[in-house]
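Given next are the chains, with one letter for each unit.
2 protein chains.
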Amino acid sequence: MSDIKEMTPKYENDLFLRACKKMPVERTPVWIMRQAGRYLPEYRAVREKADFLTMCHTPELAALVTIQPVDIINVDAAILFSDILVIPEAMGMDFEMVESRGPVFHKPLRSEDDAKDLKEVDVTKKLKYVLDAVSLTKKALNGRVPLIGFSGSPWTLLTYMVEGKGSKNFSNIKRFIYNNPSLAHKVLDKIAKVVADYLSAKIEAGVDAVQIFDTWGGLLSQNDFAEFSLYYISKVISQIKRKDEPVIVFSKGVHYKLDALANSGADVIGLDWTMDIGEVKKITGGKVALQGNLDPPILYAGKEKIREEVKRVLSSFGQGSGHIFNLGHGILPDVDPENAKAMVQFAKEESKAFHCEEINAKSA
Amino acid sequence: MSDIKEMTPKYENDLFLRACKKMPVERTPVWIMRQAGRYLPEYRAVREKADFLTMCHTPELAALVTIQPVDIINVDAAILFSDILVIPEAMGMDFEMVESRGPVFHKPLRSEDDAKDLKEVDVTKKLKYVLDAVSLTKKALNGRVPLIGFSGSPWTLLTYMVEGKGSKNFSNIKRFIYNNPSLAHKVLDKIAKVVADYLSAKIEAGVDAVQIFDTWGGLLSQNDFAEFSLYYISKVISQIKRKDEPVIVFSKGVHYKLDALANSGADVIGLDWTMDIGEVKKITGGKVALQGNLDPPILYAGKEKIREEVKRVLSSFGQGSGHIFNLGHGILPDVDPENAKAMVQFAKEESKAFHCEEINAKSA
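So the sequence lines, in the order shown, correspond to chains A and B. Converting from the first sequence to this note's numbering requires adding 51 to each position, the first position being numbered 1. Converting from the second sequence to this note's numbering requires adding 51 to each position, the first position being numbered 1.
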């Protein structure tokens, strides 16, 4: 990989990319998972005119809402508005977004026959609308901040495809892997290929980093996580065509195998709010940067409490680069945008104290 | 506390109580969370004639279903059929069980005024029906196996009381604690008192052990868990009137503060299926016994897989007493009872090899 410093002039603000590579920064960069979302009135105004999937499928609308949080709450990176289920959709599994229930697949994947129906995907054709959204967004961002692209992990996508809709016990996916592990592996392999192609194409189209969301990794016991999720995450990462674009892996609820995650090829590990980011820094021994991990509902609290909790996360990580400030999960839809904006501001202000050594080193 | 050996003659099978105290056993005892439940046709036959809450409120019915798994799947302990929400109910918060949605409170607790409406509880009056169920069950068990009583933890009860119904993001309870922590503490304190009285009364009525279910402990960040959940669990344990009846704490999703949990006064810590029981044994250093932790949906698999996974959990714990075999969460309602029975049998058979030293020591 080439030195990231070569890229530096591309962005007015490249703190996010520098922190992903554990390079010196004058303050901790900050973005928010699901920052292009319903908590923003500007987002809701767009959403009123188009349903969720239309927004995903229409490059102009996706680009429009992607940029909103950069303008409104001043985050240090944009993340392309999309949905992880565009991949199952491209593989031939139709679904609809049902208000207050989430995605519902018309025909969940349960059998060998269902698996045979999965289509090969030429991402540059089938998912061209996403790549177009990348180009449009890059133009509109005009070098202000980097752009992140994302995908679900193979395991997380399989979970949605097998469950078919929201689940309390995730009985269907567990039944699937415990009764027919070889079929599960066959499908995971197929999905992994599409995910790798998809993330490669996004990078080719211009995204500066990618995040793999392993939303359902934490459903698994430790051995099963290694077998059904982590293995395919590593496989995807090894197959992504990239120069120096960092890969972030966010495995929600995965409090174990952190050393293995750090050796998956990821540059950054995202942590949910139940983790102690300082402890994980010790366990992973500086091999990767860490992202996170404020409890999302803290944004319901008053400004003073928000500042205090921002400081707590920053202190837990401690001195030095390699931290990207974020929530420990997506921002909640009923949060006051003023509080999101305040959190971003507090993270920027309070983090300066944790980068003194780097600044001194730079100026020396 | 008196030596548990004095109690030994009370039960034909006291393996469960011995393991809770880390005393030598010839095999690992086994029971299943939610073993008196819908997966059993014999349970469904009772449930067809009475709704869930009527079953909780009627000592004869509660005793009847409590004993079923002892007869049918041969577990080493009974656990009194009940619901954790009998406490909020006794405090004046009415709810109903809505099919496939779970409990719905008529008026969730959200404000100072709501908190003022909470009633003091004389458990020997208000919850007499539970104590009667204990007596009936003890008679019916007739010394075959010990009987466990349970309660929700104060934090878990508060979560239900504030959310009022099932939740995806648990926004209401988080909003509650982040915006009005002092009110939260006041209510938690009130609940803790009732929980301690309730568990004391159950012990007085005859249960041999108690389990505190902290189902929603894992929603919290590590600091919040210590402040809002663990503190009150410790408080409850210190206030339970007991002789040598062990206390089990099951904090689902709590993968942190395990040393603190081990110092909470609990005799046993229950682990969910995402934990490595052998690793927790090392962390807690033999201070407590451990209970768990097979992934519940493994009971959907074939017998061979079930046996293999039972062995995996037993091997992870390793040699010696101090392990109570269980699932890592409640048994799922659509599990084949034959598989539950097989799991119990496998745990009994396969665990003998892990107690050789104790048996040798006894016979020496």
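Simulated from the structure, these hints should not be mistaken for lab results. Some hints here could point you the wrong way.
Simulated restraints, written as ranges between beta carbons of each label pair [unchecked claim]:
{"hint": "1", "chain 1": "A", "residue 1": "A404", "chain 2": "B", "residue 2": "E330", "range": "49 to 59 angstroms"}
{"hint": "2", "chain 1": "A", "residue 1": "F103", "chain 2": "B", "residue 2": "E330", "range": "51 to 61 angstroms"}
{"hint": "3", "chain 1": "B", "residue 1": "R152", "chain 2": "A", "residue 2": "E400", "range": "43 to 53 angstroms"}
{"hint": "4", "chain 1": "A", "residue 1": "R152", "chain 2": "B", "residue 2": "P384", "range": "19 to 29 angstroms"}
{"hint": "5", "chain 1": "B", "residue 1": "G369", "chain 2": "A", "residue 2": "T109", "range": "56 to 66 angstroms"}
{"hint": "6", "chain 1": "B", "residue 1": "P384", "chain 2": "A", "residue 2": "E150", "range": "24 to 34 angstroms"}
{"hint": "7", "chain 1": "A", "residue 1": "E147", "chain 2": "B", "residue 2": "R152", "range": "17 to 27 angstroms"}
{"hint": "8", "chain 1": "A", "residue 1": "M148", "chain 2": "B", "residue 2": "G153", "range": "22 to 32 angstroms"}
{"hint": "9", "chain 1": "A", "residue 1": "E147", "chain 2": "B", "residue 2": "V155", "range": "22 to 32 angstroms"}
{"hint": "10", "chain 1": "B", "residue 1": "A311", "chain 2": "A", "residue 2": "K333", "range": "51 to 61 angstroms"}
{"hint": "11", "chain 1": "A", "residue 1": "G337", "chain 2": "B", "residue 2": "K219", "range": "47 to 57 angstroms"}
{"hint": "12", "chain 1": "A", "residue 1": "G194", "chain 2": "B", "residue 2": "K356", "range": "49 to 59 angstroms"}
Remember, it's a predicted structure, so these values are computed and weren't measured experimentally. Even glycine gets a Cβ: it sits at the ideal position worked out from N, Cα and C.
Now the hints, each set against the structure:
1. In this structure the hint that A404 of chain A and E330 of chain B lie 49 to 59 angstroms apart at CB is violated, the actual value being about 35 angstroms.
2. Between F103 of chain A and E330 of chain B the beta carbons are some 41 angstroms apart, a value that contradicts the proposed interval 51 to 61 angstroms.
3. Separation of R152 of chain B from E400 of chain A is about 44 angstroms and conforms to the stated range, judged on CB atoms against 43 to 53 angstroms.
4. For R152 of chain A and P384 of chain B, the Cβ-Cβ distance of about 21 angstroms falls inside the hinted range of 19 to 29 angstroms, so the restraint holds.
5. Remark: the range hint 56 to 66 angstroms for G369 of chain B to T109 of chain A is upheld by a beta-carbon distance near 57 angstroms.
6. The supplied range of 24 to 34 angstroms is met by P384 of chain B and E150 of chain A, whose beta-carbon atoms lie about 28 angstroms from each other.
7. Evaluation of the 17 to 27 angstroms hint for E147 of chain A and R152 of chain B yields a pass: the beta carbon distance comes to about 22 angstroms.
8. For the hinted restraint 22 to 32 angstroms between M148 of chain A and G153 of chain B, the CB-CB distance of approximately 24 angstroms keeps it satisfied.
9. For E147 of chain A paired with V155 of chain B, a C-beta distance near 27 angstroms keeps the hint of 22 to 32 angstroms intact.
10. The hinted range of 51 to 61 angstroms is not satisfied by A311 of chain B and K333 of chain A, whose Cβ atoms lie roughly 18 angstroms apart.
11. Against the hinted window of 47 to 57 angstroms, the Cβ-Cβ separation of G337 of chain A and K219 of chain B comes to about 36 angstroms, which falls outside the hint.
12. Judged by the Cβ atoms, the range 49 to 59 angstroms given for G194 of chain A and K356 of chain B holds: they are separated by roughly 54 angstroms.
In this structure, the hints that do not hold are numbers 1, 2, 10 and 11, in rising order.
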